[in-house]
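S.K.: What follows is the residue order along each chain.
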Amino acid sequence: MQEIKREDLIAKAAQLLADGTVDRVIGWKKGEFDYDVTPAVFTTKEELENEFVWNDFCGANFSKYIKKEAEKSESKVMAFLKPCDTYSFNQLLTEYKFDREKVYVVGVPCNGMLDDSKIKESASGISSVTEENGKVVVDTLYDGKITLERADVLAERCANCKSKKHAAYDELLGTEGEVLDSKRFDEVEKLEKMTPDERFAFWQNELSRCIRCNACRNICPACTCEKCVFDNPASGVENKAISDSFEEKMFHIIRAFHVVGRCTDCGECSRVCPQNIPLHLLNRKFIKDINGFYGEYQAGAEVGSRAPIVDYTKEDLEPSEAVERGEENA
Amino acid sequence: MQRIGVFVCHCGTNIAATVDVKAVAEALKSEPGVVFSTDYQYMCSQAGQDIIKNAIAEHKLTGIVVCSCSPRMHENTFRKTAAAAGLNSYMVEIANIREQCSWVHKDMPTGTEKAIILGKAAVAKVSLNAPLTPGESPVTKRALVIGGGIAGIQTALDIADAGFPVDIVETKPTIGGKMAQLDKTFPTLDCAACILTPKMVEVAQNENIRIFSYSEVTDIKGFVGNFDVTIKRRARYVKEDLCTGCGACTEKCPQKKVPNEFNLGMDNRRAIYIPFAQAVPKVATIDPNYCTMLKTGKCGVCSKVCTAGAIDYQAKDEFVEEKYGAIVAATGFNPISMDKFDEFAYSQSPDVVTSLEFERLMNAAGPTAGTLLRPSDHEHPHTIVFVQCVGSRCSSCAEKGKEYCSKICCMYTAKHAMLTRDKYPDTDVYVFYIDVRTPGKAFDEFYRRAVEDYGVHYIKGMVGKVVPEGKKLKVQASDLLANKQLHIDADLVVLAAAIEPDKSARPLATMLTASMDTNDFFTEAHPKLRPVESPTAGVFLSGTCQGPKDIPETVSQAGAAASKVIGLLSKDKLTGNPCVAHSDENMCNGCSTCANVCPYGAITYQDKEFRMPDRTTKMRRIAVVNEAVCQGCGCCTVACMSGAMDLKGFMNKQIMAEVDAICK
Amino acid sequence: MQVNEFKPLIVAFCCNWCSYAGADLAGNNRLNYPAEVKIVRVPCSCRVNPMFILRAFQKGADGVILCGCHPGDCHYTSGNYYTRRRMALLFSMLDYLGIEKERTRVEWVSAAEGAKFAATMNDFVEKVISLGENKRLEDLRCKK
Amino acid sequence: MRKISLDKLDQLFAEISSKSALYIPVDTAAGAKFEKYDGTKKMSDALNTVRSAKDFFFPQTENLVDFKVEGKTIEIKETVKEDEDFVVFGVRACDVKSFEILDRVFLADPVDNFYKNRRDHGIIVSMACTRPAETCFCQTFGIDATAPAGDIECHKTTDAVYLEAKTDKGAKLLKSLNALTEDADASAVEAQKAQTKEVFKKLPLAGLDASAFGDGKTNEFFNAPEWKTLSESCLGCGTCTFVCPTCQCYDIKDFNTGHEVKRFRCWDSCMYSDFTRMAHGNPRLTQVERFRQRFMHKLVYYPTNNEGIFGCVGCGRCMAKCPINMNIVKVMKKLGGNK
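Chains as they are written, first to last, in our numbering: chain B, 1 to 330; chain P, 1 to 664; chain Z, 1 to 144; chain W, 1 to 339.
By construction, these hints were calculated from the structure, which means they are not laboratory data.
A couple of the hints might just be wrong.
[Claimed, not checked] Partner residues aside, some chain W positions facing chain P, computed with beta carbon under 7 Å: (1) K72; (2) G258; (3) V261.
Given the structure is predicted, the values throughout are model-derived calculations rather than measurements.
For each residue, glycine too, the CB sits at the ideal point set by N, CA and C.
Just need the whole structure built from these sequences, with the hints factored in.
M.R.: Written out as structure tokens, the structure is:
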């Protein structure tokens, strides 16, 4: 259950449309079921009332849409942003991806979003997903009502939420949250503690499932290149589909490397992966290393901050020490 | 498709002894693009070069590979050979089969096999080479010196003497800097004013030098040879061209309670003032923070007494835009604030002073007219304690002071101690030190004189605490050599405060895209080999903005910087290195990552309109490399995610082709 | 004496100003190191894109080593500092993926360190030989 | 009709796999997936695999020809070789139907030898659905998930699997398994079918109607203003096309291994910006056109070229996997005007 009600969001959007602050609103549109919410642009109060939703499935990050909309016209667009979305927002601003003046951000507190694939593990033929007394109630065609603990079907990134605090907004609905002390690096640590052979087996199994659909890249707020090196025949590393086990490793290593210091750990890559590859564990490894090697750094916490990968000190540790430090964790 | 010629050198037996050169030439014949391949005893000889030239003409070669010694040896030779034959000199690649093959591998089969692979890599690379032409840019023959201390003065004088116009920008109303505040200078003890002020006059009279005093640089654009600089001339409310420096106004001004910064606040000046008698320009300045007329509109005394009619209460800040070919940073230093060193009671007692304040107390033009008197009661001090390294060499207390050695304190403290004992033999002088560092001509002799001839008590150890008690300052200290605690009742305590770069240096470095170290000293292009140049082309470093220095060092560095500037300005055109970065504007996404890692500030951004596939247009921010500034390291190419940024001569494709050829 | 049949393929990226000159000096002093080491000249170690390293492994390299000026001595003042951070993160990631960490290395070799260059290459090749063929970052299509 | 009790299913798999490769859907941490039977794997009860069964006939990448380069001579090495027989067990009705759609593309003149080779040697053992998901809409395209056909049609009840040969190929395989199976009447199967059909009527997408689309409707929909709003959320990734059992587009590329050039084909996606790029540029300028292409192809162009048969089988994979939940059902409802 979310702190702010759908009606409040619609009222806010309608007010901003009415007073001319903005002429478009980026929000979530209801789908065929309770869980298949789609990002959409609304321009009238009627559209909002008919199709806008705000529920436990509004996980999608709007970065790609904000960039697109901000480029479209001179007038302002409004976007509802959850705390994690605001980090991506700031990171895009840091990279001059759009004009801040063209976006009006309404911060929305978030109690965590649910993962429909986790719900589908325990329920088939879903007719509805509702919430009763803090529990998730799934109505199904075959097994009637199934009650699930919210914690069990919470998206991984939400279970390990790094911050309930909005890093940017023009206006905040509800209460200001705090940066959380999350356990998001626990999984990375677990992998670090494995033997190299185990780690290799783990990743070989995970990455071999990749079908190179590019969902991870296309949803990624940090992936905003005009043309990706993997799409560019001139880059020399272009490949369209996996045709050997090397290529998916190449793709995912380079992709993770390209977002080093820019990845805000929004978790969209893992959310959208049709093959459920835990891609966030690659990004988090880099984030954890950066924190350990060069001091805590959260991409998108501040606009204009300099990422550690484009910075240095004379006393930085050597690559050999970096690898050894990884071992000490084990 | 390129038409590539391969030329394998025997280098006498240097290569041929362990590499079957004929086999190498033969093997490379079948590489794609190779239309000619041969070997010769000495490719670098005139005869060898002729073989290359003839082959270029005969086989219409578009690229050549020379399998020979290291490119560090003869790359230029063969580039010239190619150019002489009408081939672009960057269509040449060298396969290093001597230093990196024949000389390090002992047997023929191994050497030959590796030489073939290195040759293949060079062929693969040259297949992708494109002709390159170095860019040229004009040079504006005028230099800017930022800072008018002894460093800036010397640099400006030297540049001007070579015949180039030079401007000095100084934030204070007068040039002269810190040296103007000093009393005597070590190790010769001549008076600072006596050696500095003639130079200041020289500056004022030099036709090639303009002084922008009471001014600051607010914007710098452009690059080596072509800087566009905006200088803010702060309103001084006195017309510089009319003021004669007679001083009538400064005598009549009713506002007498303005702390005199020249004497470090130890006495007062008027609201309209000339910092000191030998100021250059000798022009009065109204301090708008204290002037009654400017604050309330009532007074106007100075205007009435000024017979030259130079007073202008309506003056406004003015902005001057100038073009320069070279910029010298000479922003100097300041003693650090003593706020964080309250154990020495600096804030509690006026009788705890810094060394610079002590200079003023000793100076004939200072607040006490050169008589050493305690600031509190104007009595003569009988026991003086000098504390060394206050804030210097603070490796364990970096948050308080500086980790580096300020370099000048040992010497000026010896000077202070010696002068005190010389003038007032009845005073007891103690110097507490960690180490006494006196490298420099006649420095150690100077220090020993202080100890041996003047009887200064040098005590190895640090002062722990200074407590004001009545008229005395109770100094608690340890004598590390005698291993005992000392308690001294002092009349005056002098702190040798660490020095730090002037606060204006950091914003200036940003404008110049010049790099700085963690202490905000400017970084030199190479710590040993290019000590007066900034990594940013066209920017030079003079004096303490680069690191702590005494006067002789500053002057010699100032001269060195000037000679570098003269070298630059005497060129009509600058020829660049053609192996520079280039951004493909169609792929660039304007993220600025590349500019973050560029050591030279060669990358700027501009908004450009692009036609989109759907025939609409879109403004996009794109990176532009200034080829005159780029040095071709390639750091940006790796920072660039999209691969828009590439390095000519070492393109991604070329390097990958080499890797592919090696791994074949 | 046991004869090791495995001949590894080593790609060494050397910066033009220090390490490439260091390699030349090794040659001048006739200091042997294995012929399996093939040097690619780059202007600065910071020119080396992680993609080049992966590309080398894809095409059959068994080890990749980067050599640059000592920190503080970079011809371009700061290039190798960036190299250090990039490679620290990249190598840590490769290790995290279970790829043998001995297959990649960064070494600072000055123009005066011909002996260090040769010793480094001898040591690196030995380590790679003990690991055997690169299996974990191979592209089967590129195998003969 | 033959039947085999569930506890003997392993023996059936063992028997089939002793003669030819056998693939069955198995559960993995990342959902169900067809894997080669190795004597230990258990068949998944999942409704469908994450990736469709089209991989068996039209794999994601496939080598077409090699060029051996020696000096300046090039030798061409054919890579096509006769496949061995293989059996895919447990294919749902939607995927079975997808093969028919692919056949019309790849087996039409000019015949795709690589595809045909695999089709000739692959035996499809289908599996009737009993618990369709809310995302299922195969019935919209006239597919009866309770009668999935294939070479052999299977029905799994609580205690047994019923098998019925639908083609000669299937009959031959089923006959070879006679020692393990027994004759059975269809009553249990019919009862289950009836029950399942009731469920299908209750599915949320049961009323979805494709009749607005089909043969000859190009002009009606091509310029519809709705494409713009519908495509607005599309990220241009290829997830829908890569999990789709009927998407058939591919690209042909060369890979230089250093000692030879491998010419291979790999799946491509009409969602990608460089798809259909030609020398003059790309005729589909924005995501709107690319998005429209995919759905027009499934709902209009394919039927227009193939006697009204739709290019979608209603498996629901794109609904489940689209990162932003845009899908063919939303498109049909918006454009077809039905709810």
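S.K.: Confirm or reject each hint.
M.R.: How the hints compare with the structure:
Because the beta carbon of W:K72 sits about 6 Å from the nearest beta carbon in chain P, less than 7 Å, this interface hint is met. Hint status for W:G258: holds, given a least beta-carbon distance of 4 Å to chain P, under 7 Å. Residue-level restraint check for W:V261 is violated (minimum Cβ-Cβ distance to chain P is 12 Å; threshold 7 Å).
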